[in-house]
Amino acid sequence: MSVVTPFRDDERIDFTAWQRNLEMLAANGIAGFVALGEEGEFRTLSEEERMVALRFCRQTLGRGARLYGNVGSDSTSESIRLAQTAEADGVDWIVVLPPRQDLSPEELAEHLAEIRAAVRTPVASLAELTVSAAANVAPRLALERERAHATGRLEDAARLQGLLDPLDQAFQLHTYPSMVKEAMRRSGFPSGACRRPVGLAPAPAAERLERVLQALRAANWLPEPASRSSAGHAA
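In the working numbering, the protein residues as written are 3 to 237.
Treat the hints as calculated values from the structure; they're not laboratory data. Virtual Cβ for every residue (Gly too), placed ideally from N, Cα, C. All clues given are correct.
Okay, the calculated beta carbon distance ranges per label pair:
hint, residue 1, residue 2, range
1, R10, R45, 14 to 22 angstroms
2, Q103, R14, 22 to 30 angstroms
3, N222, A90, 36 to 44 angstroms
4, G154, S127, 24 to 32 angstroms
5, E226, R197, 27 to 35 angstroms
6, L202, Q171, 16 to 24 angstroms
7, P199, D170, 22 to 30 angstroms
8, E116, R45, 17 to 25 angstroms
9, D170, A205, 14 to 22 angstroms
Turn these sequences into a full structure, and let the hints guide you.
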């Protein structure tokens, strides 16, 4: 699953909230985490912030979870530096989201090849992974859907996907990933607002989201908020 990056009111990373969210997700069965993907707003983070963030996720999750760290950048040299730091910090897989530029297939292949050549840790492109933002809000439901699909229980998988579809659709009601964060806040796991210029969810979108969350809550698919951890740290 791809996790969001919580921010404080001053737009600095909220490591206390992030630790709380990661521990909640792990307690609900999530074993693989993609950090600093599109949901993690990696394009708004500085290179140093990204290095610290991946180190923090590794320390918080420990070795009992698989950590996929995105090192995608518009600069190959920056991606290489991020990949080498992530490897040193013990990331299990390095993920490379594509640059914003409209690269040719040859340019993109060379970009990936240079990153792979710079590290020993496995490197994957986004196309090679299946990630879910819905797991930030309904982790057990997303996990059960994946298990049903993996074990060939296709009718169960379709039924569970039908429960997730309204949530995925609600995520598209405003600039991504603001609705994911709004859903987490309404579920008792605040992650702050997105970094500007992305704004808060407009009222009509938030009201529609709330109806979706009420249905999931009634079906007992939303996790119970735990007490706020006091052990958050900046890695």
